[in-house]
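Going down the list, the sequences are from chains A and B.
By the count of the working numbering, the first sequence reaches residue 505 at its end, each step adding exactly one.
By the count of the working numbering, the second sequence reaches residue 220 at its end, each step adding exactly one.
Everything hinted at is true.
Distance ranges between label pairs, derived from CB positions:
{"no.": "1", "chain 1": "B", "residue 1": "G54", "chain 2": "A", "residue 2": "G75", "range": "36 to 42 Å"}
{"no.": "2", "chain 1": "B", "residue 1": "A8", "chain 2": "A", "residue 2": "R467", "range": "45 to 51 Å"}
{"no.": "3", "chain 1": "A", "residue 1": "A94", "chain 2": "B", "residue 2": "F107", "range": "24 to 30 Å"}
{"no.": "4", "chain 1": "B", "residue 1": "L175", "chain 2": "A", "residue 2": "E412", "range": "56 to 62 Å"}
{"no.": "5", "chain 1": "B", "residue 1": "R46", "chain 2": "A", "residue 2": "S411", "range": "51 to 57 Å"}
{"no.": "6", "chain 1": "B", "residue 1": "A213", "chain 2": "A", "residue 2": "D314", "range": "53 to 59 Å"}
{"no.": "7", "chain 1": "B", "residue 1": "A213", "chain 2": "A", "residue 2": "G462", "range": "52 to 58 Å"}
{"no.": "8", "chain 1": "B", "residue 1": "A183", "chain 2": "A", "residue 2": "S350", "range": "50 to 56 Å"}
{"no.": "9", "chain 1": "A", "residue 1": "A94", "chain 2": "B", "residue 2": "T72", "range": "24 to 30 Å"}
{"no.": "10", "chain 1": "B", "residue 1": "R168", "chain 2": "A", "residue 2": "A415", "range": "52 to 58 Å"}
Result set (SDA-like, lysine to any residue): computed pairs, CA atoms no more than 25 Å apart in a straight line:
{"no.": "11", "chain 1": "A", "residue 1": "K95", "chain 2": "B", "residue 2": "E19"}
{"no.": "12", "chain 1": "A", "residue 1": "K95", "chain 2": "B", "residue 2": "A213"}
{"no.": "13", "chain 1": "A", "residue 1": "K95", "chain 2": "B", "residue 2": "S130"}
Just so you know, the hints here were simulated from the structure itself, not pulled from any lab data.
Fair warning: this is a prediction, and the values are worked out from it, not measured in the lab.
Using N, Cα and C, we set each Cβ at its ideal position, and we do this for glycine too.
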Amino acid sequence: MSSPVTGPFGRFSRPFASSHSAPSIDAERTNGAEDGAGENGQVANGRTAGGQAAGRQISDGRATEERTPTVRSTGRWRGIVAVALLAVAVGVLAKRPSLLLVGAVGVAFAAYPLVTAAPDPDLSVSRVVDPESPADGDAVDVRTTVRNEGDGTLFDLRVVDGTPAMLSVCGGSPRCATMLRPGEEVSVEYRVRARPGRHRFQPTTLLCRDAGGSVEVETAVTAETVIECSSRVPTAPLRARSRPRSGPLVTDESGEGIEFHSVREYERGDPARRIDWRRFARTGELTSVAFRTERLADVVICVDARPEAYRASDPSEPHAVAHAVDAAGRLGDVLLDANHRVGLAAFGRSSCLLAPGNGVDHADRFRRYLASDPAFSLTPPPSVRPRRARPGDDAVGSHRVDGDTLDRQLSELRAHVGTNTQVILLTPLCDDGAHRIAQRIESDGPAVTVVSPDVTTGRTPGGRLARLERDHRLTTLRNAGIPAVDWDPDEPLGAALATVERGNR
Amino acid sequence: MSGVLAVAAGAVAVGLIAETTLQRRILLAALVGVGSFGLGGRLWQRGRGVIGVGLAACGCLVVVAAAGYAVTEPPRITQRLELLPGILGLWVLAAALVPMRFRWSRFLVAVGSGLLFVAVLTSGVVRGASTTALVVAAGATILSWDAAENAVSLGGQIGSHPETATVRAELAHVLLSGGLAVAAVVAVLGVTRLGVDSLPLAALVALLVAAVALLLASHR
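Hey, can you work out the whole structure from these sequences and the hints?
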């Protein structure tokens with residue numbers, strides 16, 4: 001029987017990870033009920049397009065990067081020649097013709113990879129999810145069908161469906177291995193537990209081996225599917241720093257607004273509607289009421305996606321970067337809806353910077369960056385993934401982000417962000433680097449608010465130590481005047497944000 | 001499933017080179033041990049720790065006892081030599097496929113099937129088994145390695161979740177390799193019927209080496 005992939009990242013340790021030059025391809029999305037999917041079913045289709053030139057294409061408003069399939073030799077029959085030669089050598093030394101015949105059997109197997117043809121997969125993927133818009137905690141049935149559209153039989157096809165990183169599988173398995181004759185199809189059916197947010201399925205990874213298993217072709221097909229679970233957070237934690245334009249951000253300055261700020265003596269020129277007539281009636285004294293000024297804020301939502309941040313409390317749970325990206329999307333939505341100018345940034349293996357802006361186009365750009373920019377990749381870097389033994393496996397390079405890269409990324413951020421801008425930094429605070437980043441940004445000018453998903457666990461002594469260290473970092477940040485939201489991802493984000501909102505006032 | 005098939009093919013290989021009744025009895029006992037070891041390991045993995053570990057430990061004891069008998073009991077030293085690597089090979093193969101530690105699986109598969117092959121070679125050297133049995137055993141050994149390797153590769157890429165469907169791919173793979181093994185064995189035995197035994201050894205060696213050189217030259 002086969003064996004499990006285990007490791008600190010469990011589900012997130014993507015199985016076909018050694019080279020990511022495969023995937024994806026033409027995608028279209030149709031809404032409606034097909035295959036008896038029911039009223040709420042959502043159907044998405046995608047297909048491999050062998051031999052197409054690499055390029056970018058926009059489909060369904062999103063950019064999907066097109067990559068050609070990876071063909072590699074597994075080299076699994078390579079040793080058989082040595083075995084055959086060993087048998088021949090022993091046969092010669094012992095003068096036993098029967099052992100020479102044993103060697104001949106080995107030679108036959110050594111010829112096996114030469115007579116099998118490398119697979120040329122032409123596969124289409126369609127996916128049905130039901131319901132499409134579940135409530136928090138609901139089970140969503142997913143049925144992904146892979147169809148062999150080509151002329152050749154695929155003797156060994158391995159399918160791993162790209163489940164959304166934030167959703168855990170709660171029944172069935174998103175993986176299978178099978179043989180597919182031309183025109184045949186195979187379905188993987190499983191259930192995922194819905195969590196608040198907008199969850200996109202990742203490309204389905206498909207791996208075909210030839211009959212002898214000596215050549216494997218890895219490819220991935222995107223069937224654009226989204227599970228949307230109501231996820232609004234009531235408010236985003238903003239600090240009282242803003243642009244001098246009216247907007248929904250309540251500040252400590254007195255002026256125009258709705259919320260009461262203070263009462264002062266009437267000065268000539270104060271508008272009549274600001275005069276506190278009740279007080280005038282009671283005491284005969286003319287006073288003006290001032291309200292808190294409400295302004296627009298420039299906010300950059302910044303995700304800590306350094307390799308150190310890919311930590312999870314449990315192999316079956318989403319890691320901190322997945323939580324951070326999810327929270328970034330939700331905070332971005334609420335801020336954009338309130339007409340604030342919102343930007344996006346990430347530190348890590350690659351950087352991403354979207355200058356603050358607002359409007360429908362900007363909101364679309366914001367969501368697209370968050371969904372598809374490699375800086376927000378939900379796949380942990382290879383250096384933190386458990387290494388799998390595998391013949392022909394390339395040496396996995398280290399992907400750690402060194403201090404220079406981080407400094408450069410911080411300087412870029414500084415160059416694009418004015419001192420009036422606020423930064424919401426989403427980081428699990430797993431290491432000292434994270435709170436240093438917060439303090440560095442704050443010292444450069446922008447006001448920082450830290451939102452920290454808690455992925456520590458108290459189950460092991462190491463976990464308890466990590467939790468203590470994280471608590472210490474939170475305290476350090478708060479002592480430095482930086483508001484820090486300690487968010488337990490099992491709790492609603494809105495509730496955690498509300499606590500810091502109260503603290504800010 | 002490939003794992004079970006691998007151990008079964010390995011057992012066939014060792015069974016073919018075990019000529020005497022005593023050897024077969026010892027092998028049967030060893031197989032029972034290997035089976036309960038494998039089953040126990042699986043149960044342990046699925047979270048039934050106590051039963052699994054107990055079963056695996058019993059299996060190990062039986063295998064050790066069988067190996068002890070294999071070394072001490074058979075009357076001729078050659079019979080002792082050919083059985084021991086076979087039993088140990090089956091045990092290691094089972095350990096690779098449980099798997100005790102996933103990273104070691106490939107190494108253990110190589111060691112286990114290597115031991116099986118050593119048993120076949122030993123049997124050939126000490127004239128323990130007939131030519132036909134030897135050739136079939138060699139085919140079964142290679143099949144066993146192939147199935148075990150396929151199981152490990154599937155485990156690495158797909159995982160061994162009980163609800164994951166992999167039977168069809170495994171069956172297709174094993175049937176294709178099995179077909180090739182049968183064809184190879186039939187061809188080799190056919191050649192034997194032609195009276196190759198009477199050919200000078202040097203001629204046979206030259207033929208085989210030529211075939212291997214040809215293969216190496218065209219290998220991808």
